[in-house]
Amino acid sequence: MNRHLAAAALLAALSNPALAGPPDPADPLASVMWDVLRPELFGTAPVQFDDRVTVTAPDNAENAAAVPVMADATALGAVEEMVLFADLNPFPVILRFQPLAARPVIATRFKVQQATPLRAAARTPDGVWHIGGKLLDAAGGGCTAPPATYAAADWADHVGEVQGRAWAPVGEDKATRVRFLVRHPMDTGLVAGIPAYFIEALTLRDADGRALARLQTAEPLSENPVFTLEVQPGAGARSLTLDGRDNQGGEVKAAIPLPWVQGALP
Amino acid sequence: MRALVALLLLIISAAPGWAAGPLSYHLKPVAIAPDTWVFEGTREHFTRGNGGNILNPGFIVTDDGVIVIQTGPSRRFGEEMRAAIATVTDKPIRKVFVSNLHPDYWLGNRAFADVPIAALPGTIEGIKTEGQGMTENMYRLVGDWMRGTEPLVPTETVYGSTVVFGAHRLRLIPLEGHTAADLAILDETTGVLFAGGVVFSDRTPTTPHADIGQWLEALDALDALEVTVLVPNHGRIRTDKAAIAQTRDWLSWLDRSLRERAEAGADMAELLDAPIPERFAGMGVLREEYRRSVSHLWPRIEKAVLPRVN
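Chains H and R are the protein sequences, given in the same order. Residue numbers for the first sequence follow our numbering, beginning at 234 and rising by one. Residue numbers for the second sequence follow our numbering, beginning at 73 and rising by one.
Read the hints as simulated data drawn from the structure, not as lab findings. Some hints here could point you the wrong way.
What the hints assert, rightly or not - Simulated pairs of lysine to aspartate or glutamate, DMTMM-like, Cα-Cα distance not exceeding 20 angstroms:
| id | chain 1 | residue 1 | chain 2 | residue 2 |
| --- | --- | --- | --- | --- |
| 1 | R | 313 | R | 136 |
| 2 | H | 367 | R | 274 |
| 3 | H | 367 | H | 456 |
| 4 | R | 375 | H | 257 |
| 5 | H | 367 | R | 345 |
| 6 | H | 367 | H | 441 |
| 7 | R | 375 | H | 439 |
| 8 | R | 313 | R | 274 |
| 9 | R | 313 | R | 298 |
| 10 | H | 367 | H | 439 |
| 11 | H | 367 | R | 342 |
| 12 | R | 163 | R | 186 |
| 13 | H | 486 | H | 390 |
| 14 | H | 486 | H | 405 |
| 15 | R | 375 | H | 390 |
| 16 | H | 407 | H | 439 |
| 17 | R | 375 | R | 332 |
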């Protein structure tokens with residue numbers, strides 16, 4: 234490197250607290266948005282690109298309004314928070330997830346506006362964000378297409394309806410897989426004449442109200458979003474409760490039975 | 073500098089697309105039965121290499137003029153088809169049939185704008201609503217091959233019937249399942265079946281508008297016909313009905329395996345890399361089409377296994 238440039242870089246590093254730590258590793262996906270998203274999402278916390286955080290998604294989005302994605306950070310051990318984001322979406326963050334009593338794995342579907350890096354970041358208790366990801370090709374337009382919901386005249390009667398199911402635990406950590414779908418248009422606010430209208434928060438709880446998994450959900454989640462989680466409810470829990478709200482004050486409330494537990498909800 | 077020029081020349085001469093000048097599909101009509109020719113497409117997906125040439129359009133030369141079946145993925149394709157037909161016969165084009173709304177069946181229509189272009193009502197409706205979007209996506213997928221291509225909606229509505237052109241009796245068979253309207257054409261005179269989108273031969277079926285149950289019924293209907301040559305719209309042309317059995321086998325497996333995995337609690341993302349039985353390994357575009365099918369079919373299947381909980 235040119236000596237003047239090196240000196241300038243050093244000066245910049247010293248004068249900018251965000252860059253006071255060791256320099257960031259190079260973004261393996263070479264995203265043009267990385268330098269913007271890095272401070273926005275992770276502040277000054279250390280980050281590392283880590284293959285132990287896997288992102289499963291198609292190479293090409295067949296349906297820009299509902300791209301399946303699964304993020305798995307179980308190889309890291311304990312994880313306090315995960316963030317799923319698509320760099321080039323108008324709203325990069327898809328969701329934030331706190332696996333309080335859950336495995337650090339989550340799957341859902343989201344809207345994609347154009348070809349983009351798709352990533353999952355997982356924060357371990359030492360404060361380090363571990364980031365995995367892949368490139369997703371797409372015809373795009375998913376965030377600016379009106380939802381199909383409004384084709385039905387009675388759509389408003391169904392907002393907040395939940396379909397869900399839990400599967401008996403398997404494996405050493407006795408995690409219970411739970412899948413649920415919430416009826417909601419999930420409007421991004423980017424379609425002319427349709428205000429933003431989306432679910433902001435969802436919490437899955439034990440029977441006694443203890444939070445197992447907390448989700449902060451955002452605009453890019455697909456219409457009628459679907460989630461897959463793996464939670465560890467208390468031994469006596471006969472059902473899980475799901476509660477949440479959207480940005481217009483609408484509530485989500487449901488109880489998902491654990492039918493293999495004696496005396497569970499029918 | 074001179075070295076740079078030499079390098080550039082080397083690159084230009086090494087890239088076949090550039091060296092050959094303008095893009096060309098190099099269409100060659102293959103005779104498959106008396107009066108009947110097919111342009112065999114690749115068993116690939118749409119790429120910038122193949123220009124969207126993945127279909128088996130065909131034509132029948134009758135005393136009443138030439139009957140064209142499908143017009144291909146681009147205006148250029150339609151124009152090349154027309155030129156290639158003229159090397160076989162000097163009879164005028166009498167009519168064009170389009171089997172369904174998928175873009176490779178009808179985006180060559182502009183080259184046949186002077187003759188009636190016939191399709192089922194559901195196909196015409198589908199092209200009216202989705203044609204523009206599909207055209208734009210084709211530009212994205214295959215690029216410059218599409219130059220000058222714009223949607224042209226079929227101009228004539230046809231229904232299930234038998235029509236006669238010269239000595240050829242054509243049975244128009246309306247089906248559904250691959251899309252909401254799939255037209256198969258059986259030439260009763262030669263026994264050639266242009267199966268429309270419902271039969272794939274050593275090429276993985278496409279499902280963006282599919283209803284598997286209806287599709288399986290459509291296959292049964294075709295299986296009952298007397299056929300000498302079966303022209304699937306994608307894949308190898310055959311003199312038996314093995315392609316019908318293969319398409320049925322694939323669709324049945326696909327539907328069953330997705331339902332089983334949904335019932336067992338799988339997420340859609342986990343299906344993308346799920347194992348595919350060895351017997352399907354010879355089908356073109358296998359993993360890619362399988363993944364597309366997961367995207368098309370999974371949401372409805374998933375909904376059926378998640379009971380209402382509030």
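Here is what the structure says about each hint:
no.: 1; hint: 313/R - 136/R; result: violated, 30 angstroms
no.: 2; hint: 367/H - 274/R; result: violated, 31 angstroms
no.: 3; hint: 367/H - 456/H; result: violated, 23 angstroms
no.: 4; hint: 375/R - 257/H; result: violated, 43 angstroms
no.: 5; hint: 367/H - 345/R; result: holds, 15 angstroms
no.: 6; hint: 367/H - 441/H; result: violated, 39 angstroms
no.: 7; hint: 375/R - 439/H; result: violated, 24 angstroms
no.: 8; hint: 313/R - 274/R; result: holds, 12 angstroms
no.: 9; hint: 313/R - 298/R; result: holds, 10 angstroms
no.: 10; hint: 367/H - 439/H; result: violated, 34 angstroms
no.: 11; hint: 367/H - 342/R; result: holds, 16 angstroms
no.: 12; hint: 163/R - 186/R; result: holds, 15 angstroms
no.: 13; hint: 486/H - 390/H; result: holds, 15 angstroms
no.: 14; hint: 486/H - 405/H; result: violated, 30 angstroms
no.: 15; hint: 375/R - 390/H; result: holds, 18 angstroms
no.: 16; hint: 407/H - 439/H; result: holds, 15 angstroms
no.: 17; hint: 375/R - 332/R; result: holds, 13 angstroms
In the structure shown, a violation is registered for the earlier hints numbered 1, 2, 3, 4, 6, 7, 10 and 14, in ascending order.
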